[in-house]
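Colleague: This is what each chain is made of:
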Amino acid sequence: MKKIILFTFLAIIGGSLRAQLLTVRETSKNATDTLSFKDVPIVDINGSLSVQIKKGDLLLKIPQVAQSDPQRTARLKALLFILQSEQELLRQLSIPAAMGKPDLVQLKSFSTLMIEFLGRVQQYPSIRQDVNKLAIEFGAKYRDNSLDKSAFPNAQTYVIKNLSKITDTLITGLQSSAGASNVSIQLKAFLNTKKENAIKVHVENFDNYSAGEYYEVPRWVTSFSQSDIQQYNQMADVSATLNTMLNSKLSDIVKGLADSVKSYQCFNELLTSVQTQAATISGQANADVSTFVQTSEQNLKDLVSALQAIKNPGNVTGLNGLQVFNQTVNNLLTVASNFKASVTALRQQVNQQVINADPALRSINSQFDNCTQLLQKDIQTATAVYNTVTGLFKPFQNTASQVQQVTGAAFDLTINKLPEFGYIDLKTTGQRENGDELEIKLIYRTSDDIAQNKPGTTLRLVDIELQQINFYSETNIGVILARPFNNSADVKLSRQFQFAPAGSLLLKFGSRKSRLWNSLSPGIGFNVSTPDFNLDGSPDVSYGGVITLFRNVLSAGLSYNTKTSSPFWFFGLSLPFATLGLPIGNVQTTK
Amino acid sequence: MPNQNLTPDQAAGLNLVKTLIVPNGDPTTILNQPILKVIVNGNYTDAVSNADTAAIGAPIVGRHVIWFQNGVPTSLQASLATGSLVNVQAFSLTVNNHVADRVLTTEDADYVRMETAFDRAGQ
Chain X
1 MKKIILFTFL
11 AIIGGSLRAQ
21 LLTVRETSKN
31 ATDTLSFKDV
41 PIVDINGSLS
51 VQIKKGDLLL
61 KIPQVAQSDP
71 QRTARLKALL
81 FILQSEQELL
91 RQLSIPAAMG
101 KPDLVQLKSF
111 STLMIEFLGR
121 VQQYPSIRQD
131 VNKLAIEFGA
141 KYRDNSLDKS
151 AFPNAQTYVI
161 KNLSKITDTL
171 ITGLQSSAGA
181 SNVSIQLKAF
191 LNTKKENAIK
201 VHVENFDNYS
211 AGEYYEVPRW
221 VTSFSQSDIQ
231 QYNQMADVSA
241 TLNTMLNSKL
251 SDIVKGLADS
261 VKSYQCFNEL
271 LTSVQTQAAT
281 ISGQANADVS
291 TFVQTSEQNL
301 KDLVSALQAI
311 KNPGNVTGLN
321 GLQVFNQTVN
331 NLLTVASNFK
341 ASVTALRQQV
351 NQQVINADPA
361 LRSINSQFDN
371 CTQLLQKDIQ
381 TATAVYNTVT
391 GLFKPFQNTA
401 SQVQQVTGAA
411 FDLTINKLPE
421 FGYIDLKTTG
431 QRENGDELEI
441 KLIYRTSDDI
451 AQNKPGTTLR
461 LVDIELQQIN
471 FYSETNIGVI
481 LARPFNNSAD
491 VKLSRQFQFA
501 PAGSLLLKFG
511 SRKSRLWNSL
521 SPGIGFNVST
531 PDFNLDGSPD
541 VSYGGVITLF
551 RNVLSAGLSY
561 NTKTSSPFWF
571 FGLSLPFATL
581 GLPIGNVQTT
591 K
Chain L
1 MPNQNLTPDQ
11 AAGLNLVKTL
21 IVPNGDPTTI
31 LNQPILKVIV
41 NGNYTDAVSN
51 ADTAAIGAPI
61 VGRHVIWFQN
71 GVPTSLQASL
81 ATGSLVNVQA
91 FSLTVNNHVA
101 DRVLTTEDAD
111 YVRMETAFDR
121 AGQ
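Chains as they are written, first to last, in this note's numbering: chain X, 1 to 591; chain L, 1 to 123.
One chain only, chain L, in its complex shape:
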């Protein structure tokens, strides 16, 4: 089932299932849920795609990806206390929205890495 927040072009390209794309969608609804989140900070499609796959049918606690295509807004960085995101392509949030893991731009954001980011948020 295509994500309602995707534009038609995006949906056709990545066919994301568990991803909210910003600016099209409002991240507040996802951030307010007690689930695990991965925030993608910019145009990192591997990170988005693999995190989206890792979020499908997640056990025990739900998962969701929020893709800030233009980067995470400064105000949200402040409210989430993310620190500098200059070299960060994605980070994970616990159910209480604490930063648990950062995926650096130098890292390969493959499935193993994005799954690890979710699991660190669950610990």
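In isolation and in its complexed conformation, chain X is listed as follows:
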């Protein structure tokens, strides 16, 4: 039982110390709020933060300090534990006593804090003695008027301020101790967005990183930007591809790509022919023919290998499914492009008469033409599927991209030279969106770590969610599935639904308190889309209303096609697979 109580007690101590190692405050025009890390706190996406490292708590976290000076470390630990509510106590101690009716709520709050404080004092007999001595000292000075009564109006304030002074003296002594001198501290910050992970963020006083792109997330968006228009055009291509695929009943577009690759068989046979020919002519043919056959063989091997990868991607260590897909399609497009150029150049080098004179070479040459035509169609298909997939699954596609490189380095600072505050201006962290997270890390490195270029030990890691607070507006570009209410003469769809690009202007509300609300992120607004209900190949401009949920992942609305004069309803789905816990998008990055 005693062990359980002791364990619980130590856990509480550990918890409180851990909580105080870093204090992060959000500064706005009106006030400064200290963030609570009981849950992931939410701050204004355009705000500024100050980060304070509590040196006392930091010293306790470094094993070398306790080893070099165990007695002072133990005393410091006790004092920090006792003074954990120092600021709040001092604040309440400055409230003068009411002359009339007492404020019992305030009194209860203060009394509870004091009892907790005194309870902690009683756990350390030597500190209890110090407290009693300080109180007697206060009484004596108060009574003989040798005290600044405005600074110390009561014994409680005198005791707490002097305990704090003793703590500061201990910290000053310990930070110059042998144990503390051998370690250095880093404070680093990273931004994790939906597009990229671990973007380095400059912390004033703690690094010399180059400043990131200045970007203030606009509160009121009233029109579509150039970027929105480009994205809309991309969504139009995606919609066209999806409609084509819908017609061909290809439910799995990636599998569809594998099935659609027609040139593989052709090139595989061509490679066999070339290899046979290479064996036949070995040592007999002239230089032109040998070069033609050998170079063709190598180019064909590369191409067949790339086509094979499309048909059967398999697993690649360290890469997720999307990365494998991107890599294989990119590789095919690159190899295919090089192949065409290489074959054209090769044909120009080789005497055509020599090729035409040999029936086998003539056949190979002809096969080249046939296969290249098939390859051209495959390239078109692969490009369309690639654009569709990256357009539809943009969130995790972007998560897999490269980490932004920022020049500069985090400072290695000894504890006695540690600045009291670091500052982060979120507006200089570049492009970011609601729901992105800022990560702040406190790290200590021993001299060995520095010599061996090791990352050190993370003492504290905190996550902070970025969010526009209160009302704001934003745009959303995506693909919708539109369904007309009735088939008028102008509506010539053969299916019930049609994919169409759509853009929305949305009004939303961001909460500083509720992550759930921010995740739900309901939005309401105006929608413009361009389906093609009359199938004349030109977009039908349609206007309507839309509601969205889950950061625009789900959308639904009513709209009116101005060309066919037909109302329709629609819904949109943009799945952020990375947030659903699937392997895709769970990219590990080195920080």
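Think of the hints as simulated: they come from the structure by calculation, not from any bench.
Warning: the hint list may mix true and false statements.
As the list claims (entries may be wrong) - Distance ranges between label pairs, derived from CB positions: (1) P96(X) to V86(L): 55 to 61 angstroms; (2) S79(L) to G119(X): 29 to 35 angstroms; (3) N43(L) to G119(X): 49 to 55 angstroms; (4) G83(L) to T172(X): 32 to 38 angstroms; (5) G83(L) to E88(X): 43 to 49 angstroms; (6) G83(L) to P419(X): 56 to 62 angstroms.
Here a beta-carbon is modelled for each residue, glycine too, at the ideal position from N, C-alpha and C.
Use these hints to put chain L onto chain X, whose structure you have.
Modeller: Positioned in the frame of chain X, the structure of chain L alone reads:
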């Protein structure tokens, strides 16, 4: 500023600031105020002195000490519903004069203990 209720000898000795000494003073005026009180039950100077220090400049709600040098009268014990005070050197009263804490004669009535008595009365 010396307490007006102290005798000269007492004032010179303890130099109390927030203490009413009975029988010299009338405790009714203090008891009728909506403040926190510590009642010292007899000749316990540590309890008096430390409670007096804890009462100086108290925040939010005023504090006062009433020192019954000859013990708390039975009639007051009854009206305050203190119960037996045989082993009690001091006790604290809420703003409504309910007993909140008892400091036993076996306890060390140091500043920490007397401050605790006041704070329990404030809860």
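Colleague: Of the hints given before, which are not true for this structure?
Modeller: Numbers 1, 3, 4 and 5, in rising order.
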